[in-house]
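Visitor: The primary structure of each chain is shown beneath.
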Amino acid sequence: MPDTRYTLTAIVLHWLMALLLVGLFTVGLYMSDLPLSPQKLKIYSWHKWAGVTAFTLVLIRLTWRIGHRPPALPAMPGWQKAAAHGMHHLLYLLMIIIPLSGWLMSSAKGFQTVYFGVLPLPDLVHKNKELGDLLKTVHASLNYGLAALVVAHFGAALKHHLLDRDDVLSRMLPFLAGSR
Amino acid sequence: MITLRLILAALAFAAAASVSAVEYNQFLADKSTLSFVSRQMGVAIDGRFRKFVATLAFDPARPTAARARLDLDLASIDAGSQDADDEVVGKPWFNLKAFPTASFVSSAIRPLGGDKFELAGKLTIKGKTQEISAPFTFRQDGSNAAFDGAFTLKRLDFGVGDGVWSDVSTVANEVQIKFHIVAAPVAARK
Ligand code: HEM
Chain A
1 MPDTRYTLTA IVLHWLMALL LVGLFTVGLY MSDLPLSPQK LKIYSWHKWA GVTAFTLVLI
61 RLTWRIGHRP PALPAMPGWQ KAAAHGMHHL LYLLMIIIPL SGWLMSSAKG FQTVYFGVLP
121 LPDLVHKNKE LGDLLKTVHA SLNYGLAALV VAHFGAALKH HLLDRDDVLS RMLPFLAGSR
Chain B
1 MITLRLILAA LAFAAAASVS AVEYNQFLAD KSTLSFVSRQ MGVAIDGRFR KFVATLAFDP
61 ARPTAARARL DLDLASIDAG SQDADDEVVG KPWFNLKAFP TASFVSSAIR PLGGDKFELA
121 GKLTIKGKTQ EISAPFTFRQ DGSNAAFDGA FTLKRLDFGV GDGVWSDVST VANEVQIKFH
181 IVAAPVAARK
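Top to bottom, those sequences are chains A and B.
Quick note on UniProt numbering: the first sequence kicks off at 1 and runs consecutively.
Quick note on UniProt numbering: the second sequence kicks off at 1 and runs consecutively.
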């Protein structure tokens, strides 16, 4: 019988990253409007460290994904399959370039990223105010894009679960394994 | 009067005795830099002062007679970002309204051998004065002299960044100051 569920590794990575990304997004929005204070500097550092963690996780996740094809989708119109695949590609793309844009932005703004204060990431670009401001806009815009996609992704999962009543959502859940 | 005569005699003697007799005393602002490295959450941030004036007299043949003074315009700071530049103006940091400048006045210069020397003196920031000393090197740069040195100060010794900012786990207490002073010689004495 072909696998109808995602592997446990894929499930854990999916939900871990979902939590991390929602957290990063919320903290990112909150922190950028704070007046300068030691607290703000701390939050920025934590945001950067968590963002680098998300970047590492997505690389692990992609490596795993290449070796473990997800179960085939249940019967549905071709355009829906195409939309689902397109969406998943876009999500992966954003999960890679958002942290990259944050890392480059930090370098361009002259604040090197030192992972947990221990591991310095190289500055791939020199300090440059214009580039820093541009990358901040890029980082923010990509994030709004990701947020919109996540809402659609979440909506589609709910639609499958509640209206189509197929196993598209439950096969990504650690529980509800045999519920449908 | 006796002392004045003695001093004059000593000066005359010193002037006659000095062989090289090149005194570097014309500060070249365009060629000089005053920079610093602060640490934020463990990350080094480069900064600098754009406006400062050094008043100096240095004759490599008579280093112990040398003098130096530095006056800097704190408003000319580049602390690494616009946010930081705006922040350091305020009371917890430099309190620029009350203390627009900082100064250093040398008290002694000591040869350490070769082209190395040690500079000691009083540094005044935000109305607080501390003794500091810094090793520096002297180098001939064409017809000019270049003096390069660095030292580390503790910002809280000067009350710079107090209140919430006195938490040194966010912005480190230690700030490294690096100077590169270039001066031209003026009318060598014979
Ligand atoms: C997937 C991971 C990440 C997500 C979801 C994320 C999310 C966000 C969001 C939503 C903002 C607010 C944007 C705005 O509206 O202005 C933000 C700001 C920021 N992010 Fe990220 N971020 C991530 C990774 C990173 C990384 C890896 C770094 C650096 C190493 C970073 C550095 C920053 C900085 C410095 C800001 C503040 C920009 C400013 O206000 O100057 N981010 N992030």
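Bear in mind the hints are in silico, worked out from the structure with no lab data behind them.
Computed from a predicted model, the values in this text were never measured in an experiment.
Cβ coordinates follow ideal geometry from the N, Cα and C atoms, glycine included.
Among the hints, a few may not be true.
[Stated by the list, open to error] Some chain B residues flagged as far from chain A (calculated, every beta-carbon gap over 12 Å):
{"hint": "1", "residue": "ARG50"}
{"hint": "2", "residue": "LYS122"}
{"hint": "3", "residue": "ASN144"}
[Claimed, not checked] Covered stretches of chain B (in silico footprint by chain A; criterion: 3 or more residues with CB under 8 Å from a CB of chain A, positions within the stretch not fixed):
{"hint": "4", "segment": "28-34"}
{"hint": "5", "segment": "37-43"}
{"hint": "6", "segment": "82-91"}
Visitor: Run through the hints listed earlier and report the numbers of any the structure violates, in increasing order.
Guide: Checked against the structure, the only hint that fails is number 4, while the rest are satisfied.
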